[in-house]
Amino acid sequence: MRLLFILGEIGSGLRRNLSMVISVVLVTFVSLTFVGAAGMLQMQINQMKGYWYDKVQVAVFLCNDGSTAVGCASGPATKEQQDNLQAMLESPAVKQYINDFQFESQAEAYKHFKEQFSNSPIVDSVSQDQLPASFRINMKNPEKYQIISETFSSQPGVETVSDQRQVLERIFSWMNGASVAAMGVAAVMIFCAVLLITTTIRLSAFSRRRETGIMRLVGASKTVIQLPFILEGVIAAVVGALLASVTLWLMAHFWLNGDLSRQFLNTPFISSTQVLVIAPVLIALGGGLAGISSLLTLRRYLKV
Amino acid sequence: MIRFENVTKVYEQNARPALDSVSLEINRGEFTFLVGASGSGKSTFLRLILKEDKASSGSVYVAGQNVANISSWRVPKLRRGIGVVFQDFRLLPQKNVFANVAFAMQVIGKSRSIIRETVPEVLKTVGLEGKEKRMPHELSGGEQQRVAIARAVVNRPGILLADEPTGNLDPITSMGIMGVLDKINQNGTTVVMATHDDDIVNEMRRRVVELKNGKVIRDEAKALYTSMIPVVGESRRLKDASGEELNRAQGAQL
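Going down the list, the sequences are from chains A and B.
No gaps in the numbering here: position 22 of the first sequence is 22 in the working numbering, and each next residue is one more.
No gaps in the numbering here: position 65 of the second sequence is 65 in the working numbering, and each next residue is one more.
Worth flagging that the hints you see were computed from the coordinates, not collected in a lab.
In this text, all values refer to a predicted model and were calculated from it rather than measured experimentally.
Just to be clear, a hint being listed does not mean it is correct.
Unchecked claim - Cβ-to-Cβ under 7 Å is the rule here; a few derived chain B residues that face chain A: (1) ARG74; (2) ARG80; (3) ALA104; (4) GLN106; (5) ILE108; (6) PRO136.
Where a beta carbon is used, it is the ideal one built from N, C-alpha and C, also for glycine.
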């Protein structure tokens with residue numbers, strides 16, 4: 001009985017304040033979409049880190065014909081220099097830091113290059129001689145890159161030592177930046193949402209002050225009087241959160257796992273099911289914020 | 001049923017208190033008129049009973065309980081034992097007569113079957129049989145006030161507070177309303193009615209408590225609107241003073 005009554009009150013409150021309720025729904029929708037997008041970016045970063053960090057290598061590039069580095073003054077790396085480097089890699093001082101290493105000759109480099117850029121006209125303008133041979137080193141701990149770099153970059157015949165991880169780090173820091181920006185926008189929007197919910201509840205309480213006055217007089221409990229208002233705000237915010245969740249899921253399903261994954265075949269994207277982990281967080285966040293802001297508003301504007 | 005012990009209520013510091021050390025007892029089943037000019041403290045008196053306001057000093061007892069000791073979450077329970085009627089009826093315009101009365105039961109969680117049983121009964125008591133489906137704007141002022149009374153008593157409170165219930169009504173309609181209040185009083189409900197309506201008070205001949213500037217200046221059984229005791233100041237002392245002074249006052253009158 002009381003439940004039905006409260007539901008009826010909520011219904012009439014939502015109807016009376018329809019335009020305000022819709023704006024609450026939209027603002028929470030947009031703000032939580034940004035929150036969720038930031039979350040998705042973080043998930044994507046973690047996913048890519050896990051995937052790439054196993055694969056990335058430190059490459060020690062050897063001098064070739066066109067090298068201009070100081071270590072390459074004597075021309076392309078000789079067989080002797082190459083053997084010398086291999087011996088160093090096998091020495092215990094270096095070996096403790098690395099899992100294994102391979103040598104990639106110029107011919108192999110050319111083959112990989114052709115595979116990687118098979119669709120691009122650049123392949124035709126590059127010859128085998130222009131590509132450097134390299135040692136590809138898998139580190140035990142990628143953080144120890146500095147040691148390898150210091151050991152090898154000054155050796156004769158070495159053009160440069162590059163850490164592929166650094167390239168990735170740049171991408172990740174860019175993605176991190178984007179997720180921070182999304183959180184910033186989300187924070188502003190959430191602030192708007194809270195203010196809007198506060199105003200809506202205030203209006204709602206004002207437009208129903210007759211009812212609440214009578215309820216108070218005949219001894220209705222605080223819960224019965226306040227709950228319809230609080231739930232009104234919470235329902236609007238939860239609808240917004242649901243819309244945001246659906247939007248994020250659609251984004252993951254049709255954009256990340258559709259277009260983007262077709263364009264970037266060897267990039268691991270988060271799956272749309274993983275996005276569903278974010279949905280409960282968004283709903284709890286939206287509902288919680290709305291509940292708290294309604295409660296605080298009622299404390300000021302609805303005497304019980 | 002209602003007891004005031006030296007109750008003072010100050011709304012604003014430095015201003016004259018709305019109630020000034022009022023001591024008064026209203027017994028179960030009594031019908032009491034609260035009279036006095038506007039600003040004499042009648043409404044404050046009623047608000048203190050409902051715990052809408054807190055006494056600045058002194059104690060208010062309702063049904064044996066000091067309202068100051070009632071925690072805020074138990075105030076609704078106190079109010080369920082008190083019905084209130086106002087001058088401006090305060091009906092819900094978009095609900096019909098039945099729904100207006102039923103509202104008071106719904107919000108305290110009464111079951112639908114009890115509501116369906118009780119509301120027609122109460123409407124019969126206030127003389128509104130067959131008007132369940134009417135909307136408030138289709139009713140006369142007197143009928144609207146009857147709906148308000150029905151709503152106030154539908155949960156069978158022990159106390160009914162009426163704040164100028166006939167203030168907006170013509171004399172004949174007012175007498176009808178008084179008949180309803182009297183009937184409710186006959187059923188055992190304590191009624192406290194604040195009023196300016198001298199005809200009604202004179203007609204009913206019930207206990208009259210007169211307030212002036214927040215003080216009780218008269219408290220008489222079966223009294224008239226205006227005092228029959230000529231010296232008003234003396235009569236107040238009758239109420240407040242010690243036995244010795246009481247005797248002296250009586251002696252003076254003889």
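Earlier hints that do not hold, by number:
Failing hints, ascending: 1, 6.
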